[in-house]
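Chemist: Here is what each chain is made of, one letter per residue.
Number of protein chains: 2
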Amino acid sequence: MSMFSRFELLATDGAARRGRLHTPHGTVETPVFMPVGTQATVKGLTPAQLEDAGARIILGNTYHLALRPGDELIRDMGGLHRFMRWDGPILTDSGGYQVYSLAPTRKIDDRAAVFRSHIDGSLLELTPERAVAIQENLGSDIAMCLDECPPFGTSADYLRVAVRRTLLWARRCREAHRRKDQALFAIVQGGTDLELRARCAEELTALDFPGYALGGFSVGETPEQMAAVLGPAAELLPRAKPRYLMGVGRPEDVLAGVAAGIDMFDCVLPTRNGRNASAFTAEGPLRMRNACHKRDPAPLESDCPCYTCRHFSRAYLHHLFLAKEMLGPTLLSLHNVAFYCRLMASVRRAVEEGRFAEFRALSLARWGLSA
Amino acid sequence: MSMFSRFELLATDGAARRGRLHTPHGTVETPVFMPVGTQATVKGLTPAQLEDAGARIILGNTYHLALRPGDELIRDMGGLHRFMRWDGPILTDSGGYQVYSLAPTRKIDDRAAVFRSHIDGSLLELTPERAVAIQENLGSDIAMCLDECPPFGTSADYLRVAVRRTLLWARRCREAHRRKDQALFAIVQGGTDLELRARCAEELTALDFPGYALGGFSVGETPEQMAAVLGPAAELLPRAKPRYLMGVGRPEDVLAGVAAGIDMFDCVLPTRNGRNASAFTAEGPLRMRNACHKRDPAPLESDCPCYTCRHFSRAYLHHLFLAKEMLGPTLLSLHNVAFYCRLMASVRRAVEEGRFAEFRALSLARWGLSA
Chain A
1 MSMFSRFELL ATDGAARRGR LHTPHGTVET PVFMPVGTQA TVKGLTPAQL EDAGARIILG
61 NTYHLALRPG DELIRDMGGL HRFMRWDGPI LTDSGGYQVY SLAPTRKIDD RAAVFRSHID
121 GSLLELTPER AVAIQENLGS DIAMCLDECP PFGTSADYLR VAVRRTLLWA RRCREAHRRK
181 DQALFAIVQG GTDLELRARC AEELTALDFP GYALGGFSVG ETPEQMAAVL GPAAELLPRA
241 KPRYLMGVGR PEDVLAGVAA GIDMFDCVLP TRNGRNASAF TAEGPLRMRN ACHKRDPAPL
301 ESDCPCYTCR HFSRAYLHHL FLAKEMLGPT LLSLHNVAFY CRLMASVRRA VEEGRFAEFR
361 ALSLARWGLS A
Chain B
1 MSMFSRFELL ATDGAARRGR LHTPHGTVET PVFMPVGTQA TVKGLTPAQL EDAGARIILG
61 NTYHLALRPG DELIRDMGGL HRFMRWDGPI LTDSGGYQVY SLAPTRKIDD RAAVFRSHID
121 GSLLELTPER AVAIQENLGS DIAMCLDECP PFGTSADYLR VAVRRTLLWA RRCREAHRRK
181 DQALFAIVQG GTDLELRARC AEELTALDFP GYALGGFSVG ETPEQMAAVL GPAAELLPRA
241 KPRYLMGVGR PEDVLAGVAA GIDMFDCVLP TRNGRNASAF TAEGPLRMRN ACHKRDPAPL
301 ESDCPCYTCR HFSRAYLHHL FLAKEMLGPT LLSLHNVAFY CRLMASVRRA VEEGRFAEFR
361 ALSLARWGLS A
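So the sequence lines, in the order shown, correspond to chains A and B. With our numbering applied, the first sequence covers 1 to 371. With our numbering applied, the second sequence covers 1 to 371.
Calculated from the structure, these hints are not laboratory results. Take the hints with a grain of salt, since some may be wrong.
Heads up, the list lumps identical chains together, so a pair's fine if it works in one copy or across two of them.
Below 30 Å or equal to it, Euclidean Cα-Cα: the simulated DSSO-like pairs (lysine-lysine) are [stated by the list, open to error]:
no. : residue 1 : residue 2
1   : K43       : K294
2   : K107      : K324
3   : K180      : K324
4   : K324      : K43
5   : K107      : K180
Isolated chain A, as found in the complex (with noise of 0.2 Å):
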């Protein structure tokens, strides 16, 4: 296990976890969101705004950052967190989720998944070894190894080729990786498969690797089948390691992910719907465009200290979307990072308080949602 990047379980409640990591850029509480900065910035927000916001871990994106501005201009320019004036911690996937959701053509074999730029059309590929270079250059503090993720409804043969590759990268992976200020970890496939998802992990796990993902999840599968299997699956990481469940979620989808044993998060769903003018709150989303919001001069939550709800009305913001105008998705999304980042505290809370359950149901009820 790599030095730096310590995980501390604080406390349990049923399957859920209260913990911290520690990072060379510094320490996350516990279950934790991380907004997403897929091309060295999450969308719309300034580093200020994202820390006032509460987020203390943010993502970044391999695939986009290596096609650009391209890995080795970051590391000149002293790495990503230098590039994009982002103080905290930074993880950053792999790309093998990309290849798979963003390049129009690609060719997979254990060499490495070959693929056109979605930008310019160019033929790239993608090693174990080069995904680890990448992330190197980045410098983020969590890197995570090459996978094969497929969608969901991959037949059950091929779902088994890709994690027999899953495995043979992690450990090339392993192999290639140097940066001791950087910790690696390791991705678990398998779909809804859990005898394959036991065999990956079983196997992942005799390399010790410093962290867990869960791959393949968010992937096409319906809520319920991604329910079905998300607590046995995480029963299988080590508990001594920090587990990440990757891409997700919705509000309701993290907070089954807490129940599972999950510790970390992430997903577009803050910043895209924010974009896209709808709001969280704690009584489920509200579209920002419809009319009535027109004269309302409440702010989207009355108890939200975040600088949206301090300052503006929903008219005002339903007047920003009706106008067209960039300041509505940047207002908005800050206000939805800041609703995932205080759903995490709560859930904290929760978790140390041994009421967790009882939290998750009272959320679910006020979204209108059953557990």
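Once you've looked at the hints, dock chain B against the given chain A.
Modeler: The following block gives chain B in isolation, referenced to the frame of chain A:
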């Protein structure tokens, strides 16, 4: 003269003036530049960012706000200051300029300007009384009389018609204006015809408005044509009242305005150019999409104290614009507003110290221009 909006002339340097404008929302040091907040937002910037950039007074557009979200809605939400959460002074224009520049069709006679909305094509009319009522609903600190502002190249005959109508409307605006916490400024028209401007200024001065604007500049004439008339036109305005040059302009035009004895300026350039990747600097403009910035670790300006320059490299800004990230327009707009505000602070010191002509010549030389 209104009691609330008092102007102090502190010092002069040739025709250049150093003053202080007291408003219900605070005192403004002049010469001053007002960023434009057309739709109740200075595009891309929060009020906090705007204040951090050094802005002390901003402009709102009567035409846009009356169409959307509506001046009565803004009144019901507590006025424009509260609606957009800008606690400093606000000046609103009268909409006369926008009727010419934006409305797809229009018919103007002594009674009203009738035009189609550029938003939904509905038929609307602006009378002097309505322009005052809108601005009273908005609750700006400084309101402007409705004027007729024909483009450059208008016939001498029509220019006389426009001046006659501008005078007629100024009287009707003055008659209609009720708010004691709002100053109503008059606008002198007359194009490049100095005799016409003199008559217009004389008649308006007799009405003793608390402030005077020069309209009809930056409407298609060349900078040389403006320069030839600006000095004599400004001299026609009462010395004891603030003088506002509407819609001007580039940094060199602002310096020409100060040299002519102007106290107040507004222009969309800092934010519009910021959105289009063009940065103002003391060495002239930088086009941030240019490849020369790709690996430049320097800030836009090494001695600029704005948030953008304190934190980000040219390489990062270049990346944001290439990646079409909205943070690029935000950070560049912020810097450009800060550039204008710092320029005005330097102007004020130069006038105080009796070296404005020298300062102006030096600035133009640094920007690669001649006076």
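Chemist: None of the hints should be skipped; say for each whether it holds.
Modeler: Verification of the hints:
no.: 1; hint: K43 with K294; result: both (26 Å within a copy, 20 Å between copies)
no.: 2; hint: K107 with K324; result: between (40 Å within a copy, 28 Å between copies)
no.: 3; hint: K180 with K324; result: neither (46 Å within a copy, 34 Å between copies)
no.: 4; hint: K324 with K43; result: both (16 Å within a copy, 10 Å between copies)
no.: 5; hint: K107 with K180; result: neither (32 Å within a copy, 73 Å between copies)
In this structure, the hints that do not hold are numbers 3 and 5, in rising order.
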